[in-house]
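Novice: Sequence:
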Amino acid sequence: MKGFPHHGVAPGVHYAAAPCARILRTLPAHPADRAAARALEPGRAVEFVAARSLLRALLAALTPGLSGAVIAARDSGRPHLPEHSGTGVSLSHSGGWAAAAVGLGREVGVDIEVPGPLSPRLVRRCCGDEDAARLSALPRREQETAFAWLWTAQEACVKALGTGLAGAPWTVPVTVGQRSGTWRGVRWHAPYDTSRIPLTCAYTAPYGPRKNP
202 MKGFPHHGVA
212 PGVHYAAAPC
222 ARILRTLPAH
232 PADRAAARAL
242 EPGRAVEFVA
252 ARSLLRALLA
262 ALTPGLSGAV
272 IAARDSGRPH
282 LPEHSGTGVS
292 LSHSGGWAAA
302 AVGLGREVGV
312 DIEVPGPLSP
322 RLVRRCCGDE
332 DAARLSALPR
342 REQETAFAWL
352 WTAQEACVKA
362 LGTGLAGAPW
372 TVPVTVGQRS
382 GTWRGVRWHA
392 PYDTSRIPLT
402 CAYTAPYGPR
412 KNP
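In this text, residue positions in the sequence shown follow the working numbering: the first is 202, and each later residue adds one.
Check before you lean on any hint, since a few could be wrong.
[Stated by the list, open to error] Ranges between beta-carbon positions, derived for each pair:
#1 E242 <-> G209: 33 to 39 Å
#2 A338 <-> A261: 43 to 49 Å
#3 R235 <-> A369: 30 to 36 Å
#4 A233 <-> T376: 37 to 43 Å
#5 R335 <-> A367: 27 to 33 Å
#6 A233 <-> T264: 15 to 21 Å
#7 T383 <-> P318: 26 to 32 Å
Keep in mind that the hints were calculated from the coordinates and are not lab data.
The structure presented is a predicted model; accordingly, all values stated were derived computationally and were not measured.
Even glycine gets a Cβ: it sits at the ideal position worked out from N, Cα and C.
Build the full structure now, drawing on both the sequences and the hints.
Specialist: Here's what the structure looks like:
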């Protein structure tokens, strides 16, 4: 992935992230992705195509021949490769950034979040009392960044299980500054030291023999 390094967090689990504008300047957009984006409003279409272009580049780097694979969405909104059920994929975008993850032989969830304004209600919903107090004591920008890291971990976990917001990500126990953890059989890793933007990659155990023969 020239110009777009990818990072491994477990055997067969890799993610990449980059600004959407740079992705679209550097990587070719697949015709199917451009066609699917036509129904979206312009800003959403840019992030849609960028995330899928990054995913295709990541697939090509890990498994030659998969860059042109069909990318579909389940009823829950979860992306998947219908012709390659042994490979899990995940997509995310926020504030002009996109992220993609691939799990060879397992499910994955990735979430990226550009920090932004917070409401006390949102903080109370996603954090325990102790963490909410810790956040409120921080300067505004530090508070927004710390919360974004926490939220990406919660969101990545439910995305790895395929439930998304229906899985109530705010109930996933994550503390301020926590860099890794396990929840309902899902492991997650937040690369504080290497990512400019809050991001978390989560993954399940490898598929059983029947799902990935």
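Novice: With reference to the structure, classify each hint as holding or not holding.
Specialist: Against the structure, the hints:
1. E242 <-> G209: 33 to 39 Å: The hinted range 33 to 39 Å holds for E242 and G209, with Cβ atoms some 35 Å apart.
2. A338 <-> A261: 43 to 49 Å: Hint holds: Cβ distance 45 Å, inside 43 to 49 Å.
3. R235 <-> A369: 30 to 36 Å: For A369 against R235, whose Cβ atoms are near 34 Å apart, the range 30 to 36 Å holds.
4. A233 <-> T376: 37 to 43 Å: Once the Cβ atoms are compared, 41 Å apart, the range 37 to 43 Å for T376 and A233 holds.
5. R335 <-> A367: 27 to 33 Å: About 28 Å separates the Cβ atoms of R335 and A367, which means 27 to 33 Å holds.
6. A233 <-> T264: 15 to 21 Å: 18 Å, holds
7. T383 <-> P318: 26 to 32 Å: Roughly 31 Å apart at Cβ, these two residues keep to the hinted range, so it holds.
Comparing the model with each earlier hint shows no violations; every hint is respected.
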